[in-house]
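Build the full structure now, drawing on both the sequences and the hints.
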Amino acid sequence: MRKTTFLGVIPLLAPVQLLLLCVVILPALYVVWLSFHLSSFGQAPEFVGWQNYLRVLSDPAFRSAMWNTVIIVVVAVHLEMLVALGMALLCNSGVKFRRFLLVAVLAPYAVSEVVAVAMWRFLFDLDIGPVTLALQALGLPVLEWSYEPSHAMIMIILLTIWMHLPFTFVILYAARLAMPADLYEAARIDGATRLQCFWRVTLPLMGPAIIVALLFRYIFAFRMFSEVWLLTGGGPARSTEVVAVYLYQEAFSYNAFGTASATALLMVIASLVLASGYIWLLRRQVKNAR
Amino acid sequence: MTRPMQMNRRGFLASATGTLALLAAAPALAAGKVLNILSHRVHQAVLGEGEGDLMAGWKTANDADLAFTTFDSNPLMDRLFREASLPETEFSLGYMVDNRPTSDIARLFEPLDGWQEKDPIADFADLAPGLIKGMTIDGKLIGIPVRTATQALFYNEDLLEQAGFTAPPATLEELVAQAQKISADKIATGMVLASDLAVFPVMFARAFGGDFLTQDFRLLPDPAAMEQALTVLAGMFADGSLPRSYATTKNDDQVTWMQQGRAAFTVLPFARAAQLNNPEQSKFPGRIKAVGFPVTGGLVGKTPMAAVVEAWAMVIPANARDKDLAWSYIRQVSSPETTLGMALNGNGAARVSTFSDPRLIEKNPLAAIEAEALANARGAFPPFPEAARAQALLLEEVQLAVMGRKTPAEAVAAISERVAPLLP
Chain A
1 MRKTTFLGVI
11 PLLAPVQLLL
21 LCVVILPALY
31 VVWLSFHLSS
41 FGQAPEFVGW
51 QNYLRVLSDP
61 AFRSAMWNTV
71 IIVVVAVHLE
81 MLVALGMALL
91 CNSGVKFRRF
101 LLVAVLAPYA
111 VSEVVAVAMW
121 RFLFDLDIGP
131 VTLALQALGL
141 PVLEWSYEPS
151 HAMIMIILLT
161 IWMHLPFTFV
171 ILYAARLAMP
181 ADLYEAARID
191 GATRLQCFWR
201 VTLPLMGPAI
211 IVALLFRYIF
221 AFRMFSEVWL
231 LTGGGPARST
241 EVVAVYLYQE
251 AFSYNAFGTA
261 SATALLMVIA
271 SLVLASGYIW
281 LLRRQVKNAR
Chain B
1 MTRPMQMNRR
11 GFLASATGTL
21 ALLAAAPALA
31 AGKVLNILSH
41 RVHQAVLGEG
51 EGDLMAGWKT
61 ANDADLAFTT
71 FDSNPLMDRL
81 FREASLPETE
91 FSLGYMVDNR
101 PTSDIARLFE
111 PLDGWQEKDP
121 IADFADLAPG
131 LIKGMTIDGK
141 LIGIPVRTAT
151 QALFYNEDLL
161 EQAGFTAPPA
171 TLEELVAQAQ
181 KISADKIATG
191 MVLASDLAVF
201 PVMFARAFGG
211 DFLTQDFRLL
221 PDPAAMEQAL
231 TVLAGMFADG
241 SLPRSYATTK
251 NDDQVTWMQQ
261 GRAAFTVLPF
271 ARAAQLNNPE
281 QSKFPGRIKA
291 VGFPVTGGLV
301 GKTPMAAVVE
311 AWAMVIPANA
321 RDKDLAWSYI
331 RQVSSPETTL
341 GMALNGNGAA
351 RVSTFSDPRL
361 IEKNPLAAIE
371 AEALANARGA
381 FPPFPEAARA
391 QALLLEEVQL
401 AVMGRKTPAE
411 AVAAISERVA
421 PLLP
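So the sequences go chain by chain: A and B.
If you read the first sequence in the UniProt record's numbering, its first letter stands for residue 1, the second for the next number, and so on.
If you read the second sequence in the UniProt record's numbering, its first letter stands for residue 1, the second for the next number, and so on.
Misleading hints may appear alongside valid ones.
Stated by the list, open to error - Label pairs and their calculated CB-CB ranges:
#  : chain 1 : residue 1 : chain 2 : residue 2 : range
1  : B       : T19       : A       : V9        : 34 to 40 Å
2  : A       : E148      : B       : K133      : 44 to 50 Å
3  : B       : R41       : A       : N92       : 46 to 52 Å
4  : B       : A125      : A       : P45       : 39 to 45 Å
5  : A       : F122      : B       : D239      : 22 to 28 Å
6  : A       : V142      : B       : D252      : 22 to 28 Å
7  : A       : L7        : B       : G18       : 36 to 42 Å
8  : B       : E88       : A       : L7        : 38 to 44 Å
9  : A       : F220      : B       : T166      : 32 to 38 Å
10 : A       : L7        : B       : K140      : 56 to 62 Å
As the list claims (entries may be wrong) - Subject to a maximum C-alpha distance of 16 Å in a straight line, what follows is the list of computed EDC-like cross-link-like pairs (lysine to aspartate or glutamate):
#  : chain 1 : residue 1 : chain 2 : residue 2
11 : B       : K406      : A       : D127
12 : B       : K250      : A       : D125
13 : B       : K186      : A       : D127
It should be emphasised that the hints constitute simulated quantities derived from the structure, not laboratory data.
Remember, predicted model here, so these are calculated numbers, not experimental data.
Ideal placement from N, C-alpha and C gives every residue a C-beta, glycine not left out.
As structure tokens, this is what we get:
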């Protein structure tokens, strides 16, 4: 058999590496370079050192956006995980109408984000929204999402969970399907209750899948833009603005490319810090599995 | 016997090459030249199409076709400036809104004074002088005005009659009273305004003789007027004359609310009249009318209302490939006959004489009112590098005041404190 050398595989790998270099690495390096410059249309970039970072970090709007992002990410991702886990176990429990349930959970992934947000805006419209009218008819409080900042945050969290549930669900459902049935049979013979089966068998074995899903969702959720931009636009009075919306405004409304680039890098750092606990757990699991 | 058609590798390659060659040659077969244009959809629409194509003669005479790439306002400006920042662009013409050209931006575009001297636009003096001034940056003319959008007060005559009003409001106080009664009688919401545009608080401030930022960069020249404006808006929100969803209402929502009869009043450009009364979209075709925005009672007959006007101009990027063709297009589009044609298609004219043309008056009953409003109109604020950020700060404070989270006085003080450092 012919021995594969490093030089021999380079031509095979080069196209992909070149593509990555062009569409990921070079633009990323450009953003780093830009973050140290004052730059806008019609201006030659001017080196300003850390000034862009200081300006962003000292901006109350950025700190508020970062705080909003952290709240939405932490609450939405964990609630979504619980719902997805519940749905995965329910679908696996031999419940009736399983196919209907699967379609209901997966359907949001087939809907475009813009359409989904427009639909939610209509459903929860404060004057004519069917959900609002139904809540009023039942004498329940309505979600005043365009007036009350806390209600707007709840609305964004609900929308995010609904839109991204399919992703988390698919990972957990696949992990649950891959678990051998004889483990449960053995547990039952040993006298384990349903709850004990869940704590001692299901949860430990689904742990790696849960961590992977959480990690991905943390990183994706931190980039959240369309839900907020299309639903509230960051309002009322910038009270629901998230970091991605702040970045968009800096880059495309104010044409301040330096501060926008600095915001982007701060966003990457913050999402890594927030997800670091799960990264550490994942590394430990990988190490233990060896 | 017929042989079944088989595709071999050679045949496939030949067909693919032929198809690609045809596709590549298609534009050349269609017309000798193509003028690539960056614009809003509305700029393309008002030029007409098919038999009503106002540019048909120009296309034939120049053996050229037009290729429009259209965007919404903000993405359009972003793409236009991006293209103009490149070493060369295939977009030889763009449409720019008048609150964007700062000195830095203006340098990206071709000065047009030389072109006007060499190959002048017909009856250039008829183009509104104020609009020409707005496109003259550092002494250089960089754009030829083509569209104006003057804000008007639209009202639903049907809803007003249901509330017992026989005429639209003549003063700001009457406007507020009518909106309050219509809301209180549960006929509809009194007024709908978007919360993401500076136009509306600026209109209310001007109705009291104030402003946000003057053309010579005086911030809040009359703070009391802005405070009165915010007090009125906050009062309307508190009593339900403005919708509870005010903070998330957008420009398009204003149109649908009026078309559906959910609101009795709104502020939109005159050119929206056709859309608001379109029988295919509106529940009240022919019943949604417009007047100039009223001033407060104390200023009637003393200070005319300075409505907000937004103007668009045609510009040529300095790095454009085909400036000759672009200038030829500008000359044609800004000619008196094309300006009238576009006005008949719903475009706010940039020529003064167009508004008094009998053909426009016959088709558009609002032409005379629009001309009157335009005579005193000015932009919401002048262009400067931090204008977009200043607008965002203004809107944030206005929203806080309208929703009752700050008093109007606190909001006005905050506007003054936060916007001042951004001014040139």
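The hints, checked one at a time:
| no. | hint | verdict |
| --- | --- | --- |
| 1 | B:T19 x A:V9: 34 to 40 Å | 36 Å, holds |
| 2 | A:E148 x B:K133: 44 to 50 Å | 45 Å, holds |
| 3 | B:R41 x A:N92: 46 to 52 Å | 50 Å, holds |
| 4 | B:A125 x A:P45: 39 to 45 Å | 42 Å, holds |
| 5 | A:F122 x B:D239: 22 to 28 Å | 26 Å, holds |
| 6 | A:V142 x B:D252: 22 to 28 Å | 23 Å, holds |
| 7 | A:L7 x B:G18: 36 to 42 Å | 40 Å, holds |
| 8 | B:E88 x A:L7: 38 to 44 Å | 40 Å, holds |
| 9 | A:F220 x B:T166: 32 to 38 Å | 58 Å, violated |
| 10 | A:L7 x B:K140: 56 to 62 Å | 59 Å, holds |
| 11 | B:K406 x A:D127 | 25 Å, violated |
| 12 | B:K250 x A:D125 | 13 Å, holds |
| 13 | B:K186 x A:D127 | 12 Å, holds |
Against the hints set out earlier in the document, violations occur for numbers 9, 11.
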